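A.B. asks: One letter stands for each residue in the lines below.
There are 2 protein chains.
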Amino acid sequence: MKNKIKVGIIGYGNLGKSVELGIRQNKDMQLAGIFTRRDPSTLKIITEGVQAYHIDQAKDMTDKIDVMVLCGGSMSDLPEQGPYFASLFNTVDGYDTHAKIPEYFNKVNKNALEAGKVCIISSGWDPGMFSINRLYADAILPEGKTYTFWGTGISQGHSDAIRRVKGVRDGKQYTIPVEGAIEAVKRGEMPELTAREKHKRVCYVVAEEGADKEQIKQDIITMPNYFADYDTEVYFVTAEELEKNHGGLPHGGLVIRYGKTGAHEENRHTIEYKLELDSNPDFTANVLLAFVRAAYRLSREGVSGAKTVVDIAPAYLSDQSAEELRKSFI
Amino acid sequence: MKNKIKVGIIGYGNLGKSVELGIRQNKDMQLAGIFTRRDPSTLKIITEGVQAYHIDQAKDMTDKIDVMVLCGGSMSDLPEQGPYFASLFNTVDGYDTHAKIPEYFNKVNKNALEAGKVCIISSGWDPGMFSINRLYADAILPEGKTYTFWGTGISQGHSDAIRRVKGVRDGKQYTIPVEGAIEAVKRGEMPELTAREKHKRVCYVVAEEGADKEQIKQDIITMPNYFADYDTEVYFVTAEELEKNHGGLPHGGLVIRYGKTGAHEENRHTIEYKLELDSNPDFTANVLLAFVRAAYRLSREGVSGAKTVVDIAPAYLSDQSAEELRKSFI
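Sequence order for the protein chains is A and B.
Using numbering that gives the first Met the number 0, count along the first sequence one by one with no gaps and you end on 329.
Using numbering that gives the first Met the number 0, count along the second sequence one by one with no gaps and you end on 329.
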């Protein structure tokens, strides 16, 4: 039997836990260790026989791990951890601060090239599968326009923003695409859409006892960057209702390109890539793991440096041979 | 300015004509010649300044063409032309006899390796973009099931079959996916679907004068391989109606994967890739052209051999640099 790919996990939050579960679905992988900044003895690892380590111990385990999955946040964790671990391991991460991806790429690339490692950045679904689909659609229909819609799903950033409002005990925010906008795109109107025209925001809020609900509502819907540019609905619920009805992390979205062909642009085409996800972290984790396989295989071929998802041939994501793929998938 | 990619077209039917039009949308390409088995002087080429040649002249023009697009049929043209032109040119084709792809690959690969050419086979949308999406979805959701639906669209093969029926002057056949089956897939029932449960077939038929329409209908709906295993509807129309209402070549389809994740498979996910195409040949041509760019670039990197669409990193399909892609698409 082939050696399994030994996978390490940096960070044991929602995403790290989902990566742990996802490894079980991939018969050619095994979990080799989980690394945390917390006291490792406090971690409740699901996988039998696997140990938690302090993140500082990782550097001494380069011979025990084939690919490290970086599950920290893009705000403060990955800008440090990405370049650092690129000097030690093949890595896969889901760095998602779109505007800073070129800068992040360059830092990771430098260290990965020096260390001879393969580091796949900004994997997941957006960036990730949505990036891949934007690129394919653009290449196939050069005369056209691409739109990305997100939701219906929970936005962590916006939920956090709600919770920072005075008088709010807890809250969840759903990003919901505006159906009329999607319809207009499909009809071929190639509309220029504002933030407000593309998505609306629906908030479920648990108020502290005695808090001024009208004030909370005003504070939310006028919040710059997060809500002011959108039509926002605010509903007050009990803590129990929030837990029961809004306790999950569903998400999803749609990349759609409308394009024209023909001697007189008389032929219209739409390409849609749509995700409906019960669990954002589970799905993201599974995408990261498919790219773990790619990083492992590329590394064994002698490749090194940072890569994004569009630099990787789809075949590298599969555990099947090229012959099997030609027979079963083409 | 960069040199443009010099593209040749073998075969000037529906697909070849669409490739000619598609080249205009790709600013980094130019049409270098069209090759036909007919008398070249009879071809009405749209592009100014471009010449038609007899197909036998192609072998003397290897220095004038960077990539040859093979637009012949999979039944009898490509099995000969694919391996033949692989010895002379980088090629892209849409070979679509799924069961024979491994055999075709091997023949093309042998000649392409000997000649140092890159030959991308079985491009288009199915095989092609649908193959890519089946593979990605399978790799991301290992626990799940993938379904491919085709239509609503005109099937050339089934339209041809109708026309061979006694008493039929002309006819068109629409393949239509069964909505209920798609819904069942989305609901997560992971159904085992028969041919009849997945698609229905709707035929528009122009009968010859005095023909027995009831007999024509029976002959169609009981025809083995083509119609007997499906619910088939037959409508008789005039030649004018057929031309006016069914003169185009629309098509499309859907690849959908349903999968589960989580500690107890409690989280459900769907990935959908959907195409709605006014013109099947135009869209197919545009996919072939995106892979022309890939073949050209791989060839310049010194790569050789046969490739399928899953062997090509998405970035190779774009005319933008890796830096631009990281900035605009990731």
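Hint data in this document are derived by calculation from the structure and do not stem from the laboratory.
It is possible that some hints are incorrect.
Claimed, not checked - Capping the alpha-carbon separation at 16 Å, the derived lysine to aspartate or glutamate pairs in EDC-like fashion look like this:
id, chain 1, residue 1, chain 2, residue 2
1, B, K216, B, E232
2, B, K326, A, D310
3, B, K199, B, D230
4, A, K273, B, D318
5, B, K5, B, D318
6, B, K5, B, D38
7, A, K259, B, E275
8, B, K273, A, D228
9, A, K109, B, E232
10, A, K106, A, E79
11, A, K99, B, E322
Note that the structure is a prediction, hence the values are computed from the model and not measured.
A.B. asks: Tell me, which hint numbers fail for this structure?
C.D. replies: Numbers 4, 6, 8, 9 - these are the hints that the structure violates, sorted from lowest upward.
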